[in-house]
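Listed below, chain by chain, are the residues.
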Amino acid sequence: MGDIGNHLNFIIEMIFVKNILLSFFLGMCTYLACSKQVSTAMDLGLAVIFVLTLATPLNWALGEFLLRDGALAWAGLPGVDLSFLNFIAFIAVIAAFVQIIEMFIEKFSAGLYNKLGVYLPLITVNCAILGASLFMWEREYTLVQSVEFGFASGLGWAIAIMALAAIRQKLRYSNIPVGLRGLGITMLVTGLISMAFMAFAGMNLAQ
Amino acid sequence: MASGELFSDENKKVFTDPFSDNNPITIQVLGICSALAVTAKLQPSIVMGLAVIAVVCGSNIIVSLIRKLIPGQVRIIIEMIVVATLVILVDQLLKAFAYDMSLQLSVFVGLIITNCIVLGRLEAFAMGNKVWPSLLDGLGNGLGYAFIIALVGFARELLGSGSVMGVKVIPAEAYELGYSNNGMMVLAPGAFILLGLIIWVQRTLSPQEES
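Residue numbers (the numbering used here), protein chains in the order written: chain R, -8 to 198; chain W, 300 to 510.
Because the hints were derived from the structure by calculation, they are not lab data.
If you're wondering where the values come from, they're calculated on a predicted model, not measured in any experiment.
Don't take each hint at face value.
To give a feel for the contact side, a few chain W residues facing chain R, derived at Cβ under 8 angstroms [stated by the list, open to error]:
id	residue
1	VAL389
2	LEU392
3	LEU393
4	ALA397
5	GLY409
6	MET484
7	GLY495
8	TRP499
Even for Gly, the Cβ is constructed at its ideal location relative to N, Cα and C.
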């Protein structure tokens, strides 16, 4: 398998074992607020996959060519280190990028806009997007890795929210103690889903 | 908003509500992301709580000061810039004075920017209120948040590693008698389940309308 195996391995690990939601707790707010129906969860999941796959490499390029220590060497400024600006630069890129996508979709596909349009502004403040960029920065991924990481994280997030939405739809008919209804039982269910996902730890496709 | 008196009843309510009846985490369901990630130990939870208090108060004050100058359509972006700037300050301070802690918290300091509590308070309170009540509101919400994550951090460290603030509190005799630490508490599922239980207790004590 070799090379392809390594890439697959990386993607599977990011989807299941190091799931951005279930083991790093990113994107919880949207996850809790928009998981009452499977169809909503699915649309939102697609939007997150889309934005993450594109925004992570975009921020990678920003980091590589503008922010990192010595990254400005191409502009004749080898001694400049702008890495302290990474938070503000990443969030600005994400906000602007999401805005552009929204305008683009609105112009070219009314159907898709009706489906995703409402969720796009929400995604700007979704910690999963900024979190993925920051992890990418901290773990010093390459371009290929950052594309894979963005895609895999998005897919992992989408799978998690769809699973929760499906369970919550069933939960509507169960008799839950009053204080546990809503948020409480959702957190307990999330804990159980998270345990299930951890069962993938130690999987290795590289051999 | 009542002005004049610094500690009028209304101002007091603004400050104390977020502790129980309107807690940002357990009732408003905001800012859960970072609440869980840093709480495997008590010490980082406390530092994180302090960082969030500083950012919420600071951004509430600044946005409340310039609220009349901000045009409606671009207010989110302006709020984001204010928050991001404050978070960079906090991050640089941590790196300068508590480097180990900043390594431990890693990306989660940066994620205060997208912590919904901060933006939520700016939108819901600071945009429409004077500076002093905004400061109280920020302080109250920050403390309400810090209280819950300290609680989760305390329980996870106690049950998961048998210590508090890095000091062993479960005596060696207990281990000899067959007690063992619950490794699940250190991992992600422990955090979810613990927070679920805390929410259960809180909502039983002060019942809420569930929509």
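Let's test the interface hint: is any C-beta of chain R closer than 8 angstroms to that of W:VAL389?
violated, 10 angstroms
Evaluation of the interface hint that places W:TRP499 against chain R, nearest CB under 8 angstroms:
Given a least distance of 4 angstroms, the restraint on W:TRP499 holds.
Would the hint on W:LEU392 be counted as holding, given a Cβ-Cβ threshold of 8 angstroms to chain R?
violated, 12 angstroms
Is the interface hint satisfied for W:GLY495? The criterion is a beta-carbon contact with chain R at less than 8 angstroms.
Holds - the Cβ of W:GLY495 comes within 8 angstroms of chain R, reaching about 3 angstroms at its closest.
Chain R contact restraint on W:MET484 - CB to CB distance below 8 angstroms
violated, 11 angstroms
Go through the hint on W:LEU393 and say holds or violated, using the shortest Cβ distance to chain R against 8 angstroms.
Hint violated; W:LEU393 Cβ to chain R Cβ min 12 angstroms, cut 8 angstroms.
Hint check, W:ALA397 versus chain R [nearest Cβ-Cβ separation less than 8 angstroms]
Where the cut-off is 8 angstroms and the nearest Cβ of chain R is about 16 angstroms from W:ALA397, the hint is violated.
Please check whether W:GLY409 passes as an interface residue: C-beta within 8 angstroms of a C-beta belonging to chain R.
Nearest chain R Cβ about 5 angstroms off; hint holds.
Comparing the model with each earlier hint shows violations of hints 1, 2, 3, 4 and 6; every other hint is respected.
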